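Quick note, the sequences are listed as chains E and Z, same order. 1345 is the number of the first residue of the first sequence in our numbering; add one for each residue after it. 1345 is the number of the first residue of the second sequence in our numbering; add one for each residue after it.
Mixed in with the good hints, there may be bad ones.
Simulated crosslink set (DSBU-like; lysine-lysine; CA at most 35 Å straight-line) [what the hints assert, rightly or not]:
(1) E:Lys1629 <-> E:Lys1570
(2) E:Lys1467 <-> Z:Lys1445
(3) E:Lys1489 <-> Z:Lys1489
(4) E:Lys1629 <-> E:Lys1531
(5) Z:Lys1534 <-> Z:Lys1513
(6) Z:Lys1445 <-> Z:Lys1534
(7) Z:Lys1489 <-> E:Lys1442
(8) Z:Lys1531 <-> E:Lys1467
(9) Z:Lys1445 <-> Z:Lys1570
(10) Z:Lys1467 <-> Z:Lys1534
(11) Z:Lys1467 <-> E:Lys1534
(12) Z:Lys1467 <-> Z:Lys1629
(13) E:Lys1489 <-> Z:Lys1533
(14) Z:Lys1534 <-> E:Lys1467
(15) E:Lys1489 <-> Z:Lys1534
(16) E:Lys1533 <-> E:Lys1629
(17) E:Lys1531 <-> E:Lys1445
(18) E:Lys1514 <-> E:Lys1570
(19) E:Lys1445 <-> Z:Lys1534
(20) Z:Lys1531 <-> Z:Lys1629
(21) Z:Lys1570 <-> E:Lys1570
(22) Z:Lys1514 <-> Z:Lys1629
(23) E:Lys1531 <-> E:Lys1513
(24) E:Lys1533 <-> Z:Lys1467
(25) E:Lys1531 <-> Z:Lys1467
(26) E:Lys1531 <-> E:Lys1442
(27) E:Lys1467 <-> E:Lys1514
(28) E:Lys1467 <-> Z:Lys1489
(29) Z:Lys1513 <-> Z:Lys1570
(30) Z:Lys1531 <-> E:Lys1489
No lab work stands behind these hints: they were computed from the structure. Note that the structure is a prediction, hence the values are computed from the model and not measured.
There are 2 protein chains.
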Amino acid sequence: MIETVAYLGPQGTFTHEAAMTLFPEPATELVAYPSIPDVLTAVDRGVSDIAVVPVENAIEGSVNSTLDWLVHHVDVPIIGELVYPITHCLLVHPLQAKCEKAEFTRIYSHPQAIAQCQLYLRKEHPGAELVYTESTAKAAEIIHKNPDHPWLAIGTGRAAELNELYILKKEIQDHPNNYTRFIAAGKQKKVWNQSTDLFKTSLQVTLPSDYPGALYQVLAAFSWRKINLCHIESRPTKTGLGNYYFLIDTEFPDEHVLMQGAVAEIEALGCQVRILGSYPCFNKKRMKTVIER
Amino acid sequence: MIETVAYLGPQGTFTHEAAMTLFPEPATELVAYPSIPDVLTAVDRGVSDIAVVPVENAIEGSVNSTLDWLVHHVDVPIIGELVYPITHCLLVHPLQAKCEKAEFTRIYSHPQAIAQCQLYLRKEHPGAELVYTESTAKAAEIIHKNPDHPWLAIGTGRAAELNELYILKKEIQDHPNNYTRFIAAGKQKKVWNQSTDLFKTSLQVTLPSDYPGALYQVLAAFSWRKINLCHIESRPTKTGLGNYYFLIDTEFPDEHVLMQGAVAEIEALGCQVRILGSYPCFNKKRMKTVIER
């Protein structure tokens, strides 16, 4: 049976590219959903097998939305991670391509894409109105449908192709090392064809009460075992002010004896530990020879 | 001379309410700016005295944008914090108020407001298209200007007043204890009229290199002094993958001898420490008798 992969759409976004990279067709069937909750709920209810959503430095969605839904609303473990390089293009309709810079009155894009090009936009187009869209693909579509307006979009090179737009300028993002982390999540453990040296385990740790040094004790369990942490974040539990849990990413698989010891020790301290997933991490730059597109 | 306060506009947003709460007119002059970078840059360049922007669980702007600009682009210390309760209303044009639920085809609001009402929207209006706007105030304005369409907006009660809309339903946010933390930032230390028991110091700590247990050593400096941490977050430095710094909020003023000792110890470990601000924290719920509006 062909696996179905739900991803945050529409077509032509970075999430779509990430989904195609991890799950090349025709071995899988990719299905676009309009929001992160929709993607994760589809997998939670068994409508799709695997979800692909952005989780850090996201373009088409909010990190918070992904983490919130994984923690609070669904029971879908993380089964893989993909680091994907992000470059933004400034897109224009061919009929408007001759305009002077100052003549462009509006720039459309997803809020995260606009945020990642703030310095460029403030320098080159300080007078243009910035208008938010649900996705970078939608922004390109708006430019396509409004050939008579001196408007621009921030989007992917592929979105330019799909919508017959000119690329006015490439790589307009403020930071050259821009990337987005995407996760794949699903109820079944996945056997990956690609190889990697990096494995992660993501944990949600809730402390018994808020007292000085509580987090320090938790980290001690990792530290003396030399388990490296690659991400840590305190987040509100939403039951009120001052109540936090921690999201911790470690560079160890969960079946490792040291990892199991760390979790047991943290639970013995009175903390709740939930494993959000233990999974291999891939990097698009190192995958090129493995996956032909 | 009257102080000028730059805030993330437009009028009728939660940030506007927070700015009015911390800096009541006519003692100060409030000036709306269209983006978080614009607000902070205005203060950095001396155009305004004080900035008011959201920093956590924000409605009209991204947390990441505020933290990024404070860390990377401006030199403006945090001088105060305000915790402000957030409730969302579902707004409708009077001419459309008799529509059945299923007849509403679109719901406009800021992405964060939509995110905070996800469960409600998915349950009550699963078929409606969700359309992003730059602010909740803008969403209300769109409904005001389109009386012939069966559209809704998520916004404040004040936005309903300003735009002559009906409140179809109050408190539609998914979590009852919803709040936003706002910060005031400025080049001058502020003498506050209001009193509070809570003081915070925000630190940016950059580790000398990525090795297991580095964060643990940093936290040890706080732990044995019983300095409570109220927020911790690792964030990419934007120079590439795997390079992180930490944002740490402590519940201690920076002039306290224990706080100074902790900072000296962390620097002795080879870390870079930058104090982003040391400031009193106010809570809107406990301020009502102090500030008359």
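- Task: Verify the proposed pairing of E:Lys1629 with E:Lys1570, using a straight-line Cα cut of 35 Å.
- Result: This hinted pair holds, its Cα atoms lying about 28 Å apart.
- Item | Straight-line alpha-carbon gap E:Lys1531 to E:Lys1442, limit 35 Å | 52 Å, violated
- Message: Against the 35 Å threshold, does the CA-CA distance of E:Lys1489 and Z:Lys1534 hold or violate the hint?
- Response: 51 Å, violated
- Item | Pair hint E:Lys1531 and E:Lys1445, alpha-carbon separation not exceeding 35 Å | 50 Å, violated
- Query: Between E:Lys1489 and Z:Lys1489, is the straight-line Cα distance small enough, at 35 Å or below?
  - Reply: 22 Å, holds
- Message: So if I understand the rule, the pair passes when the alpha-carbon distance is 35 Å or less; does Z:Lys1531 with E:Lys1467 pass?
- Response: 24 Å, holds
- Item | Given pair status - Z:Lys1533, E:Lys1489, alpha carbons within 35 Å | Violated, because 51 Å separates the two Cα atoms, which is more than 35 Å.
- Message: Between the alpha carbons of Z:Lys1467 and E:Lys1534, is the straight-line distance 35 Å or under?
- Response: OK: Z:Lys1467 and E:Lys1534 at ~32 Å, within 35 Å.
- Message: Next pair to validate is Z:Lys1534 with E:Lys1467; report whether the Cα-Cα distance is within 35 Å.
- Response: 32 Å, holds
- Task: With a cut-off of 35 Å on the C-alpha distance, tell me whether E:Lys1445 and Z:Lys1534 pass.
- Result: 41 Å, violated
- Message: Against the 35 Å threshold, does the CA-CA distance of Z:Lys1531 and Z:Lys1629 hold or violate the hint?
- Response: 28 Å, holds
- Message: Next pair to validate is E:Lys1533 with E:Lys1629; report whether the Cα-Cα distance is within 35 Å.
- Response: 24 Å, holds
Figure legend: structure checked against the earlier numbered hints; hints not met, in rising order: 2, 5, 6, 9, 10, 13, 15, 17, 18, 19, 23, 26, 29, 30.
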